[in-house]
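Those protein sequence lines, which keep their order, are chains C and H.
Residue numbering for the first sequence follows the UniProt record's numbering, starting at 1 and increasing by one per position.
Residue numbering for the second sequence follows the UniProt record's numbering, starting at 1 and increasing by one per position.
Simulated from the structure, these hints should not be mistaken for lab results.
Be aware that one or more of the hints could be misleading.
No copy is singled out in the list; a pair is fine if it fits within one copy or between any two copies.
Taking lysine-lysine pairs in the DSBU-like style, the calculated list, with each CA pair at most 35 Å apart, reads [what the hints assert, rightly or not]: (1) Lys127 <-> Lys175; (2) Lys234 <-> Lys175; (3) Lys127 <-> Lys103; (4) Lys234 <-> Lys103; (5) Lys175 <-> Lys103.
Nothing here was measured: the structure is a model prediction, and the numbers come from that model.
Protein chains: 2
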Amino acid sequence: MSEVLESPAMRDEDGGFTADYVRAVSAAIEAEDQSRTRALVRDLHEADLADLIELLRADERVRLIELMGRTFDPLTFTELDESIRDELLEALPQQVIASAVRKLDTDDAVYLIGDLDEAEQREILSKVPRADRMALRRALDFPEYTAGRLMQTDFVAVPSFWSVGQTIDYMRTEKELPESFYEIYVVDPTFHLAGALPVSRVLRTPRDSVVSDIMDTADVSFTVADDQEDVAYKFEQYNLVSAPVLDEEGRLVGMLTIDDIVDVIQEEAEEDIHRLGGVGDEEITDPVWRTTRSRFTWLAVNMGTAILASWVISWFDATIDQMVALAILMPIVASMGGNAGTQTMTVAVRALATRDLGPLNAFRVIWRESVVGVINGVLFALIMGVLAILWFGNDGLGLVIGAAMIINMLAAALAGILIPLTLDWFDIDPAISSTVFVTTVTDVIGFFAFLGLAAVWLL
Amino acid sequence: MSEVLESPAMRDEDGGFTADYVRAVSAAIEAEDQSRTRALVRDLHEADLADLIELLRADERVRLIELMGRTFDPLTFTELDESIRDELLEALPQQVIASAVRKLDTDDAVYLIGDLDEAEQREILSKVPRADRMALRRALDFPEYTAGRLMQTDFVAVPSFWSVGQTIDYMRTEKELPESFYEIYVVDPTFHLAGALPVSRVLRTPRDSVVSDIMDTADVSFTVADDQEDVAYKFEQYNLVSAPVLDEEGRLVGMLTIDDIVDVIQEEAEEDIHRLGGVGDEEITDPVWRTTRSRFTWLAVNMGTAILASWVISWFDATIDQMVALAILMPIVASMGGNAGTQTMTVAVRALATRDLGPLNAFRVIWRESVVGVINGVLFALIMGVLAILWFGNDGLGLVIGAAMIINMLAAALAGILIPLTLDWFDIDPAISSTVFVTTVTDVIGFFAFLGLAAVWLL
Numbered sequence: 001m002s003e004v005l006e007s008p009a010m011r012d013e014d015g016g017f018t019a020d021y022v023r024a025v026s027a028a029i030e031a032e033d034q035s036r037t038r039a040l041v042r043d044l045h046e047a048d049l050a051d052l053i054e055l056l057r058a059d060e061r062v063r064l065i066e067l068m069g070r071t072f073d074p075l076t077f078t079e080l081d082e083s084i085r086d087e088l089l090e091a092l093p094q095q096v097i098a099s100a101v102r103k104l105d106t107d108d109a110v111y112l113i114g115d116l117d118e119a120e121q122r123e124i125l126s127k128v129p130r131a132d133r134m135a136l137r138r139a140l141d142f143p144e145y146t147a148g149r150l151m152q153t154d155f156v157a158v159p160s161f162w163s164v165g166q167t168i169d170y171m172r173t174e175k176e177l178p179e180s181f182y183e184i185y186v187v188d189p190t191f192h193l194a195g196a197l198p199v200s201r202v203l204r205t206p207r208d209s210v211v212s213d214i215m216d217t218a219d220v221s222f223t224v225a226d227d228q229e230d231v232a233y234k235f236e237q238y239n240l241v242s243a244p245v246l247d248e249e250g251r252l253v254g255m256l257t258i259d260d261i262v263d264v265i266q267e268e269a270e271e272d273i274h275r276l277g278g279v280g281d282e283e284i285t286d287p288v289w290r291t292t293r294s295r296f297t298w299l300a301v302n303m304g305t306a307i308l309a310s311w312v313i314s315w316f317d318a319t320i321d322q323m324v325a326l327a328i329l330m331p332i333v334a335s336m337g338g339n340a341g342t343q344t345m346t347v348a349v350r351a352l353a354t355r356d357l358g359p360l361n362a363f364r365v366i367w368r369e370s371v372v373g374v375i376n377g378v379l380f381a382l383i384m385g386v387l388a389i390l391w392f393g394n395d396g397l398g399l400v401i402g403a404a405m406i407i408n409m410l411a412a413a414l415a416g417i418l419i420p421l422t423l424d425w426f427d428i429d430p431a432i433s434s435t436v437f438v439t440t441v442t443d444v445i446g447f448f449a450f451l452g453l454a455a456v457w458l459l
Numbered sequence: 001m002s003e004v005l006e007s008p009a010m011r012d013e014d015g016g017f018t019a020d021y022v023r024a025v026s027a028a029i030e031a032e033d034q035s036r037t038r039a040l041v042r043d044l045h046e047a048d049l050a051d052l053i054e055l056l057r058a059d060e061r062v063r064l065i066e067l068m069g070r071t072f073d074p075l076t077f078t079e080l081d082e083s084i085r086d087e088l089l090e091a092l093p094q095q096v097i098a099s100a101v102r103k104l105d106t107d108d109a110v111y112l113i114g115d116l117d118e119a120e121q122r123e124i125l126s127k128v129p130r131a132d133r134m135a136l137r138r139a140l141d142f143p144e145y146t147a148g149r150l151m152q153t154d155f156v157a158v159p160s161f162w163s164v165g166q167t168i169d170y171m172r173t174e175k176e177l178p179e180s181f182y183e184i185y186v187v188d189p190t191f192h193l194a195g196a197l198p199v200s201r202v203l204r205t206p207r208d209s210v211v212s213d214i215m216d217t218a219d220v221s222f223t224v225a226d227d228q229e230d231v232a233y234k235f236e237q238y239n240l241v242s243a244p245v246l247d248e249e250g251r252l253v254g255m256l257t258i259d260d261i262v263d264v265i266q267e268e269a270e271e272d273i274h275r276l277g278g279v280g281d282e283e284i285t286d287p288v289w290r291t292t293r294s295r296f297t298w299l300a301v302n303m304g305t306a307i308l309a310s311w312v313i314s315w316f317d318a319t320i321d322q323m324v325a326l327a328i329l330m331p332i333v334a335s336m337g338g339n340a341g342t343q344t345m346t347v348a349v350r351a352l353a354t355r356d357l358g359p360l361n362a363f364r365v366i367w368r369e370s371v372v373g374v375i376n377g378v379l380f381a382l383i384m385g386v387l388a389i390l391w392f393g394n395d396g397l398g399l400v401i402g403a404a405m406i407i408n409m410l411a412a413a414l415a416g417i418l419i420p421l422t423l424d425w426f427d428i429d430p431a432i433s434s435t436v437f438v439t440t441v442t443d444v445i446g447f448f449a450f451l452g453l454a455a456v457w458l459l
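For reference, chain C alone in the conformation it holds in the complex (with noise of 0.2 Å):
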């Protein structure tokens, strides 16, 4: 019968899914109508199945992958948001997630069942045959966020001495090598690292050189313990496509791909847009108590630092008293300058994360940002103290507003590039907390300045 219901446009015109399809496919799974849902998600590449994935109910997320069965490809697992992953992991079968394991490259793997507990852990790798168990469980012994957690450990090695026929006839036969490959490593009779040789070349190079004359010394290569950060800095700077990794006696254990990266790149950007609009490793899948709390710190702490900006305009309420002309136009001046310190404390943010600001040029960079500073900070002194003028007919007012812009201007710049190099020289991340500490000191000095010239000179 399900074969005669007709299949909906699965995709809209910007590539997205329409509401059509995914409603057919949350029917079909409601109806428990195997083959009509399998055949609704058979073309599916597994990211686009994972992207489906996210936006059905939890509940029938695990039946769509139940009815699936054998037909679900557990790659798919590793693209899908992290909650979502979770939740999945919780609900499914053991044996599921166990056949999943099995099925996957190590990297992958390790990438899905590393967030588990321990217990857990422990539980599915002994679902799992010895061999694959072993490599699991020491790429599980790196940290996260380490070239070990993310390297895979098939690769393919050959000695300095054979020819390329040979290393041609070798991979022709051995069964054990990874799905895709885009460099050859070379190795000595230890294990450890003489050069490597990109595939093309291979096949670009008669069958009887010699791997030692054609291969490039291995430039970059990175340690097990290395940082994921300073893994993506690399394939960025030296646009690599694979890189091998070695363990701490030099001996090659893995192979880093650019696919891999190219998410480390993409995660890395995000946390730092996150970071600084004041959210942590949120996604827009995770549930509602959980985004509540996450953002709950953060505006804790913004309301401490907004607490301390009504202390400074307090000692100020005789003045506003006399004049209330300056609590309207007090908040001009502490958000241009909360506005110029965000900007330039994003270029500085940035420019610390590709590494294009450091101690060789921070001088430079400061003074530049000073000078950016004055000269918007004058500029907008004049139209803002004429406006003022214009508008409550005080001349005094006019140039009290316009001197404080010039110092907070000035105050934003410095604080927008020096909180930021400051808290990297203590090796804090400067995008998680630069926001607040500059919007403080736009907003205390914003107001101090204003409402103490207007103190000093008006009344």
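Following the hints, put chain H in place on chain C, whose structure we already have.
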């Protein structure tokens, strides 16, 4: 004489250049000491040489390249920040640039001269051999930020009836192939794409196998007009390492490789961070006047919204006159709303960019954000209400600030999600203008709710 000078350590423990090293390079340039200069920079990868050039003074940069002469790798140009590249293209003799263009692959050459005006491009192209000139002209005809601009026009294409042996022999004899490649494309006699073949699979298959039997159908291909953002999205989504590019008639004309796409991914994330922070496509090496001007625009927009908020405050000048505590507390309400709105907006803007937020889950996300906003609103209403009562000894004031807080946090959540969604709906990049709209909403509603409730309830 220069040989006796000791070379200082090049790298500090973080992998950056040491100040001593940069000083030694400057001194060698200053002394016009060609052999010492070349010796100091000899082992640098082109990406590191670009970093070094960025650390030098403007006049030193040109002289370094002149002193390096033929040892200067033109790929260095493609690794430089845009403003410094433009400055060097201005300052260097056209002969040097033409020679660089001749040595580079099409995609890199186009990247290098793409920003020059047409007259300069013509001038440089006239110094390039005819065949290269034609290829470059064609590439420059594609608009910026398209697959046509990014692709390289050298690639390997074979007919589907060839054997693996024929394919390998062809690659061994053909000279005009790219330096490295990861896929071979399979085409019919009219150069329409029939499939793709990973290089590692060619290596692992017996010589007598037929290409059509072992090739993949090319699931993902691009056309020359495709936007680079879509290209980057698909490379990430489907873990691609390279992909074919077709012309309007579906003929294979080029190849995209992941190393170029990594730069695009990085640029797009950078752009979002910068735009959210209110700065344009700014680099830390840009000249002061350009930075000042680009930031001025954003600050001017912000001043408009700040004045709007002040105008709202001015409606309540009589209220503030009666109770100065209102002026002291009102920035807290606005600031908390601004931060909560920024949190929601940051997540929404990123989720739109990574296509995790779309029409199919918009309502779920709006609902979720509203719930988070109300919960945090109630929590901070309680905290701030109690604090206001303790600070000013006025129960009514605590009630007013609590109620205003809940209203503004809900408004912040709705603005934070609805504004990016609306901008995206109208095909405006939500990163570029969401911040200003969101903070306008939270300032205006924050001040209006707090002062308005105070006017009604307290006086």
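TODO: Quick one: which hint numbers does this structure break? Sort them smallest to largest.
DONE: Per hint list: zero violations.
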